[in-house]
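Q: Sequence:
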Amino acid sequence: RPLYEEIKTTVLDGHCVQIDETPIEYLSPGNGSTLQGYFWPVHRPGGDTFFTWHTGRGASCLDTIIPDDWWGLIQCDCYGAYPAFVRRRAARTDAVIVLAGCMAHARRGFVDALPQAAGACAFILRQMQHLYAIEERLRQQHASATLRQIVRRVESRPIMKRLHRWCQQLQERPVYLPQSNMGKALSYLLGHWEQISRYLEDGRLEIDNNLVENVIRPTAIGKKNWLFMGSETSGETSAILYTL
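Taking the working numbering, the leading residue of the sequence shown gets -17, the next gets one more, and so forth.
If you are wondering where the hints come from, they were derived from the structure by calculation, not from laboratory data. Incorrect hints may have been included.
[Said to hold, decoys possible] Label-pair ranges, simulated between beta-carbon atoms: (1) R108 to Q18: 35 to 43 Å; (2) W208 to G28: 29 to 37 Å; (3) R70 to S15: 26 to 34 Å; (4) A73 to G29: 27 to 35 Å; (5) W208 to G54: 30 to 38 Å; (6) W208 to L(-15): 21 to 29 Å; (7) R144 to T215: 45 to 53 Å; (8) H146 to D45: 14 to 22 Å; (9) P(-16) to R147: 46 to 54 Å; (10) Q150 to N207: 18 to 26 Å; (11) Q122 to S15: 44 to 52 Å; (12) F105 to G40: 33 to 41 Å; (13) Q151 to A73: 32 to 40 Å; (14) A77 to A100: 42 to 50 Å.
[To be verified] Cut-off 30 Å, straight-line C-alpha distance, at most; resulting in silico cross-link-like pairs (DSSO-like, lysine-lysine): (15) K166 to K143; (16) K143 to K(-10); (17) K(-10) to K206.
None of these values were measured; they are calculated from a predicted model. Using N, Cα and C, we set each Cβ at its ideal position, and we do this for glycine too.
The whole structure should be built from the sequences, with the hints applied where relevant.
A: Here you go:
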């Protein structure tokens, strides 16, 4: 546990983290079945990751993960617990927490809509491909946060503006029903545009949340082998072991 707590400190010291959550079942004595808990991994881009364990998935979990005096950037998907947590934190502390979104989550919606709106989706996915090509080049160059911020403003911002304008035009046309795959993809991207485009303004941020999603993979492989936690309390032990 002392090593675990030290890792937590080094992750949070960067004031820029990625957070996600993944379901893990656990045995509940007396119920004759399993209940669902969650691992919440917290990753510092370019640094370490620590896991926490909770039996729920609400904003109250984040209250225990993020210290009251912590401030900075949290990159995450657009699950409602994150903005709820930020509102709760703002009501009781002066520490400012800003949320950044995930391009990969937005992209998946257009991949799903591709069979129904091939032409429109192909253009959107091509713009996203250009954005990812810029990020790959910066990664290969081991670019600093400052350089990434400059390159994104010069090269990525015009692509993002073009993408935003095209999606707005598509949404204004009475072609795609709101509940269609294309309608949902457009609503997700445009509804969370501010968070998704925030990576343009800060070189510490990634274009997506894939780094923290990657660290979840060992738990996914584990679930296929051990199926569930032995108890609610064993979740915390497992979170420490996965962190180490």
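Q: With reference to the structure, classify each hint as holding or not holding.
A: Okay, the hints, checked on the actual structure:
Restraint check, R108 to Q18: a C-beta distance of roughly 39 Å satisfies the suggested window 35 to 43 Å. For the pair W208 and G28, the supplied restraint of 29 to 37 Å holds, since their beta-carbon distance comes to about 31 Å. One distance hint, 26 to 34 Å for the beta-carbon pair R70 and S15, holds here, with the actual separation near 32 Å. Distance hint check for A73 and G29: the Cβ-Cβ separation is about 30 Å, which falls inside the suggested range of 27 to 35 Å.
Look at W208 against G54: about 35 Å separates their beta carbons, and that is inside 30 to 38 Å. W208 and L(-15) have their C-beta atoms about 23 Å apart, which keeps the hinted 21 to 29 Å range intact. Checked against the hint of 45 to 53 Å, the C-beta distance between R144 and T215 comes to roughly 52 Å, which is consistent with it. For the pair H146 and D45, the supplied restraint of 14 to 22 Å is violated, since their beta-carbon distance comes to about 34 Å.
Between P(-16) and R147 the CB atoms are about 53 Å apart, so this pair conforms to the stated range of 46 to 54 Å. Distance hint check for Q150 and N207: the Cβ-Cβ separation is about 47 Å, which falls outside the suggested range of 18 to 26 Å. Checked against the hint of 44 to 52 Å, the pair Q122 and S15 passes, with Cβ atoms roughly 49 Å apart. Separated by about 38 Å at the C-beta atoms, F105 and G40 satisfy the suggested range of 33 to 41 Å.
One distance hint, 32 to 40 Å for the beta-carbon pair Q151 and A73, holds here, with the actual separation near 38 Å. The beta-carbon spacing between A77 and A100, approximately 46 Å, falls within the hinted interval of 42 to 50 Å. For a cut-off of 30 Å, the pair hint linking K166 to K143 stands: about 20 Å separates their Cα positions. At roughly 37 Å between alpha-carbon atoms, K143 and K(-10) are farther apart than 30 Å, so this suggested pair is violated.
The straight-line distance between the Cα atoms of K(-10) and K206 is roughly 27 Å, inside the 30 Å bound, and the hint therefore holds.
Going through the hint list in order, the structure does not satisfy hints 8, 10 and 16.
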